[in-house]
Amino acid sequence: MTAHTVPFGDLAIHRSLVGPCGSRSDKALRRSPIGTGGPVVVPARGAWPSAFTATSDEHLEQLAHCRAVLGDLIIQGEVESLAYLGGLEHIGGSLVISSTRLRDLEGLESLARIEGDLSIGDNPDLRSLAGLGHLTAVGRSLFVWANDALIDLCGLSGVEFVPRHLEIWGNKGLVSLIGLEHLISVGGDLSLGTLDFGNESLRSLAALKNLRSVGADFNVSLNPSLTRLDGTEQLMRVGKSLQIRGNDRLRHVRALCGLELVGGDLVLEHNLRLEDLEGLDALKELGGELIIGANPKLEQLDAVSAFHARRRATRRSLEREDTVPVRLPRD
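To get my numbering, take the position in the sequence shown, counting from 1, and add 21.
Simulated from the structure, these hints should not be mistaken for laboratory data.
Quick caveat, the model's predicted, so the values are computed rather than measured.
A portion of the hints provided could be inaccurate.
[What the hints assert, rightly or not] Have a look at the derived ranges for each label pair, beta carbon to beta carbon: (1) Gln-97 <-> Arg-233: 22 to 28 Å; (2) Glu-296 <-> Glu-99: 14 to 20 Å; (3) Asp-251 <-> Pro-184: 22 to 28 Å; (4) Glu-320 <-> Ile-205: 17 to 23 Å; (5) Gln-321 <-> Asp-146: 44 to 50 Å; (6) Ala-303 <-> Ser-71: 48 to 54 Å; (7) Arg-294 <-> Pro-184: 33 to 39 Å; (8) Ile-205 <-> Glu-79: 36 to 42 Å; (9) Arg-294 <-> Val-196: 15 to 21 Å; (10) Gly-107 <-> Gln-321: 53 to 59 Å; (11) Leu-216 <-> Glu-101: 22 to 28 Å.
Think of the CB as a built atom: it goes at the ideal place given N, C-alpha and C, for glycine as much as any other residue.
Modelling step: build the complete structure from the supplied sequences, incorporating the hints.
Listed below in structure tokens is the structure:
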């Protein structure tokens, strides 16, 4: 039997040339820690050697004895069960689960590592992510979008760091972010809603209690059931912009009491019930503009005034009839 090494990302896979996943091997799958230079050893007949797309349960049967897929794994269409993936531990590319008939992710209990993106979207019957309970590493971005029946994110509790972007939007039934309790840092954008699609039932961010930093933009938009930001008390740094827009029931931002740095703009717009900005008192550095507009109940700007008394900053007011103009002291 001839074997060779296939590198991808910061890992390498030894696999044989005899063909993919013919039968389960007794040889254990071993992963070297990132940066050690050691290879990942995959059973001789335990790896699918390239990308794989499944549009039915019958297609997934081909992976029944695989411990690894070395490329992207794309699951879509008529798929109703992931039972054939019970031995899958590692994906060398991205895992995309979209437009399926899945109600849960049972069958992925052995999956520990995804080198690329994890994208779960447009699955109207999906109610739980619990099958991902052993997942500890996502190599790039994590997207959860347009899963109308999903109520929480249970199943993602092993994820502590997302290197690129974490986006959660368009999930109509999502009530909480339970499942993200161990998340400490996001390297890129963290989006809880976008300018076009929010999470209309999202009521709590409490699961973000260990979040310390966001490397790029932090966007909280179009979440009409969200009344406060409790859960973000430990957040200290947002590398680019902080944008809080279109959260109709949001009354205050006091949970941002630990925030010290916003590298870009700080934007608070179209939050119809926002009453004060208490909680921004700890802010020490703002790299862009302060943009406050179309918050009709906002009257108390004491926290903002205190910030500007401590530090030079830019100022921008939105002069609209439904806006409380920002009047800040000049340095």
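These are the hints, each one checked on the structure:
| no. | hint | in the structure |
| --- | --- | --- |
| 1 | Gln-97 <-> Arg-233: 22 to 28 Å | violated, 35 Å |
| 2 | Glu-296 <-> Glu-99: 14 to 20 Å | violated, 50 Å |
| 3 | Asp-251 <-> Pro-184: 22 to 28 Å | holds, 27 Å |
| 4 | Glu-320 <-> Ile-205: 17 to 23 Å | violated, 36 Å |
| 5 | Gln-321 <-> Asp-146: 44 to 50 Å | holds, 45 Å |
| 6 | Ala-303 <-> Ser-71: 48 to 54 Å | holds, 50 Å |
| 7 | Arg-294 <-> Pro-184: 33 to 39 Å | holds, 36 Å |
| 8 | Ile-205 <-> Glu-79: 36 to 42 Å | holds, 41 Å |
| 9 | Arg-294 <-> Val-196: 15 to 21 Å | holds, 19 Å |
| 10 | Gly-107 <-> Gln-321: 53 to 59 Å | holds, 56 Å |
| 11 | Leu-216 <-> Glu-101: 22 to 28 Å | violated, 34 Å |
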